[in-house]
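Heads up: the sequence lines are chains A and B, in that order. Using the numbering used here, you'd call the opening residue of the first sequence number 1 and step up by one each time. Using the numbering used here, you'd call the opening residue of the second sequence number 1 and step up by one each time.
I should point out that these hints are in silico values taken from the structure, not numbers from a laboratory. Do not rely on the hints blindly, as some may be mistaken.
What follows is a list of derived Cβ distance ranges for each label pair [what the hints assert, rightly or not]:
| no. | chain 1 | residue 1 | chain 2 | residue 2 | range |
| --- | --- | --- | --- | --- | --- |
| 1 | A | G45 | B | R348 | 27 to 35 Å |
| 2 | A | K95 | B | T35 | 39 to 47 Å |
| 3 | A | E226 | B | D142 | 26 to 34 Å |
| 4 | B | P184 | A | R222 | 28 to 36 Å |
| 5 | B | E22 | A | D272 | 42 to 50 Å |
| 6 | B | A145 | A | N225 | 49 to 57 Å |
| 7 | A | R113 | B | Q368 | 50 to 58 Å |
| 8 | A | S61 | B | E17 | 24 to 32 Å |
| 9 | A | E226 | B | T151 | 44 to 52 Å |
| 10 | A | D272 | B | N39 | 26 to 34 Å |
Since the structure is predicted, the reported quantities are computational estimates derived from the model, not experimental observations. Even for Gly, the Cβ is constructed at its ideal location relative to N, Cα and C.
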Amino acid sequence: MAESENIVVETAEKIFADLADAQTINSDKTGSWKAPLWQALSEAGLPLAWVPDDLGGSGASLAEGFGVLNAAGRFAIAVPLAETMLAGWLLAQAKIASPDGEMTVIPGSPKDRITLNADGSLSGRARGVPFAKAAKHVAVLAHGNNGGISIALVDAAKGRIEAGLNVGYDNSDTVTLDKVEPITIKPAPKGFDQATLMLMGGVVRSLQIAGALEAMLDISVRYSNERVAFEKKISKFQAVQHNLARLAGESAAALAAATSAADAIANATSFDDAVYLEAASAKIRCAEAAEKGGAIAHQVHGAIGFTIEHILHRYSLRALAWRDDFGSESHWAVELGKRVAARGADELWPLVASR
Amino acid sequence: MTAALRFDPIRLPPECERLRKEVRAFLAEEIAAGTFDPNKPNRDDTDAPEFSRRVGAKGWLGMTWPKKYGGQERSFLERYVVTEEMRVANAPTRRFFVADRQSGPVLLKYAPEHVKMDILPRICRGELCFAIGMSEPNSGSDLFAAKTRATKTDGGYLINGSKIWTSSAHIADYMIAIFRTSPPTKENRRHGLTQFLVKMKQPGIQVNPIGQITGQYEFNEVVFTDYFVPDDHVLGEIDGAWKQATSELAYERSGPERFLETYYVLTELVRAVGDKPDTRSAEGIGRLVAQLHTMRRMSVSVAGMLQAGKEPVVEASIVKDIGTVWEQQLPHRVRDLAAFVEETASNRETLEKQLEFAIRTAPKLTIQGGTTEVLRGIIARGLGLR
Numbered sequence: 001m002a003e004s005e006n007i008v009v010e011t012a013e014k015i016f017a018d019l020a021d022a023q024t025i026n027s028d029k030t031g032s033w034k035a036p037l038w039q040a041l042s043e044a045g046l047p048l049a050w051v052p053d054d055l056g057g058s059g060a061s062l063a064e065g066f067g068v069l070n071a072a073g074r075f076a077i078a079v080p081l082a083e084t085m086l087a088g089w090l091l092a093q094a095k096i097a098s099p100d101g102e103m104t105v106i107p108g109s110p111k112d113r114i115t116l117n118a119d120g121s122l123s124g125r126a127r128g129v130p131f132a133k134a135a136k137h138v139a140v141l142a143h144g145n146n147g148g149i150s151i152a153l154v155d156a157a158k159g160r161i162e163a164g165l166n167v168g169y170d171n172s173d174t175v176t177l178d179k180v181e182p183i184t185i186k187p188a189p190k191g192f193d194q195a196t197l198m199l200m201g202g203v204v205r206s207l208q209i210a211g212a213l214e215a216m217l218d219i220s221v222r223y224s225n226e227r228v229a230f231e232k233k234i235s236k237f238q239a240v241q242h243n244l245a246r247l248a249g250e251s252a253a254a255l256a257a258a259t260s261a262a263d264a265i266a267n268a269t270s271f272d273d274a275v276y277l278e279a280a281s282a283k284i285r286c287a288e289a290a291e292k293g294g295a296i297a298h299q300v301h302g303a304i305g306f307t308i309e310h311i312l313h314r315y316s317l318r319a320l321a322w323r324d325d326f327g328s329e330s331h332w333a334v335e336l337g338k339r340v341a342a343r344g345a346d347e348l349w350p351l352v353a354s355r
Numbered sequence: 001m002t003a004a005l006r007f008d009p010i011r012l013p014p015e016c017e018r019l020r021k022e023v024r025a026f027l028a029e030e031i032a033a034g035t036f037d038p039n040k041p042n043r044d045d046t047d048a049p050e051f052s053r054r055v056g057a058k059g060w061l062g063m064t065w066p067k068k069y070g071g072q073e074r075s076f077l078e079r080y081v082v083t084e085e086m087r088v089a090n091a092p093t094r095r096f097f098v099a100d101r102q103s104g105p106v107l108l109k110y111a112p113e114h115v116k117m118d119i120l121p122r123i124c125r126g127e128l129c130f131a132i133g134m135s136e137p138n139s140g141s142d143l144f145a146a147k148t149r150a151t152k153t154d155g156g157y158l159i160n161g162s163k164i165w166t167s168s169a170h171i172a173d174y175m176i177a178i179f180r181t182s183p184p185t186k187e188n189r190r191h192g193l194t195q196f197l198v199k200m201k202q203p204g205i206q207v208n209p210i211g212q213i214t215g216q217y218e219f220n221e222v223v224f225t226d227y228f229v230p231d232d233h234v235l236g237e238i239d240g241a242w243k244q245a246t247s248e249l250a251y252e253r254s255g256p257e258r259f260l261e262t263y264y265v266l267t268e269l270v271r272a273v274g275d276k277p278d279t280r281s282a283e284g285i286g287r288l289v290a291q292l293h294t295m296r297r298m299s300v301s302v303a304g305m306l307q308a309g310k311e312p313v314v315e316a317s318i319v320k321d322i323g324t325v326w327e328q329q330l331p332h333r334v335r336d337l338a339a340f341v342e343e344t345a346s347n348r349e350t351l352e353k354q355l356e357f358a359i360r361t362a363p364k365l366t367i368q369g370g371t372t373e374v375l376r377g378i379i380a381r382g383l384g385l386r
């Protein structure tokens, strides 16, 4: 990690620690923590970290932004920071300036498709869109009828938003655009398509999952060193130790997969087969880790971890929910498997070894 | 945070890719010359002394060691590339692998200069095979229960007792073993064991082969009867072997050999399903490739940390835990996914033969070189649980 990367990430971590303490948020029934957190993040330039200065952002590097999102996962941040960063990044691909305030991205799933109509308006439905309800603007990736891809900035109020919740109780909404006039629309750069957006979104979610697993490992280890049963700390039972060792393994795998993919994207000139392998693998492996690791964290905590009062669910359920965004692990496994098969058996090892 | 596990996204430097090309070209030549068949991991004789010498001649053994001992002073990352290419090709590395990975580094650290000058260059030339004498009939994972005695005598020690499950002892020229020089103390049950360099193929040593469930005879019982080891073959501190064991484990535990042992069945599965697999096969392959890629990235990361002079003992144990469980499950997952492969697939017979061998091999993978249970104990200690 470069020195400057540390500073951006440390700034984010300090804001998270001051204004997004899991226990405080968990006890707050009114949501009064959200506005000060968002304000502090905005003042630090973090939501538009991936937007260059001349497009209204703070011009941080991809690596710095990825570091911030990994930290956001460690704090299970439940404001649309990741979504706004991703939206700003998407808009910047087409040199569209980002407005202030919360944004999200559509589509949020490889299955949905937004169409650019002949009259320049946008139509289509996107399901499972994170934080659409909270967003003031939406960054849209749209398909023209000539096969071209466009990127657009849309006023969120112009779309119909049906609110929903994901497994982690964060907004995951359905956004319907019915001949909506975009504020700005420009062609996407050559080679940029919906899969590119999904891979980038998938890596963002992978970093958040890896962060959440780190936090789950940390609080589970701490709890096992405090909780006494059968007259000793439960951390002294070999069965518990081995479970926690497995959780450490899942956390480590998620961290390695996610940071490797982030590094690959940060240093890539195009989304080639190697980046595809990295990004798809990260989403697949992190999703698997969310399931296996989260289950262990809960097992260690017993009944207390199943209560709404305890903070564990803030990490465990979000990590599970994040699996669904920008293509599930099943989706990416099929796509990656098809690519591997198309390359042929003897090209598999060279691909793996190229990373 | 309690546990600051680090897996930085380390990339192999450009010199590694040049080396990789050389290794692939060399292996292709060896395959073409009939030295080994990459599709046959279950060949009867995995000992290939001539091949070992040719690998040595390439400068790929002891390649990280000082030049004065025959090494090349190249990086651990370069060694990593050689190791993974050999493993993926199913090259017959048995004769040199242990010496290169483990025994040589122990000698470098603990052997007297004249012993190093004598032995290390021969390892580099591919002339020597090493075995590791750790387990005994009543001490396996519990290393410090070892009872085989080294009794002080004039100019050296007399060894009595036996080692067991000793891979390659039947072909080895040397063994690095731990023997009991003192009883354990009340305060420290690990006290009293000493590491020795043992010359094999001598009177006083009897090697009895033990058949394995794969049908191979790769491990052995080694019985010592008043076997003499000279003083200059003591490696490190008398009674203090326990202090020496841990730092080497990171090298032993995190390499590509810890997840690639059954890799060949994945290659053949991809071949068998063809270029347009159904959804089930595609998903299964996609997940396996994602898991493989992740482990390799973890393993390369540990290699990079080792190169940087760190001792990532916990990270290395995690790599071995996840890696060996994966390579153990791999043949079973491939078997599942191959269940509906067309009878006419051109490599069907190869895949079936490979699966048969891989499924028989699988049980040992989470036992050899530190069981899953031992590894998880080490990880738990790293987490501050014990």
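Status of the hints after comparison with the structure:
no., hint, in the structure
1, G45(A) to R348(B): 27 to 35 Å, "violated, 59 Å"
2, K95(A) to T35(B): 39 to 47 Å, "violated, 58 Å"
3, E226(A) to D142(B): 26 to 34 Å, "holds, 30 Å"
4, P184(B) to R222(A): 28 to 36 Å, "holds, 34 Å"
5, E22(B) to D272(A): 42 to 50 Å, "violated, 25 Å"
6, A145(B) to N225(A): 49 to 57 Å, "violated, 29 Å"
7, R113(A) to Q368(B): 50 to 58 Å, "holds, 51 Å"
8, S61(A) to E17(B): 24 to 32 Å, "holds, 25 Å"
9, E226(A) to T151(B): 44 to 52 Å, "holds, 49 Å"
10, D272(A) to N39(B): 26 to 34 Å, "holds, 30 Å"
The structure fails to meet hints 1, 2, 5 and 6 from the earlier list, while all remaining hints are met.
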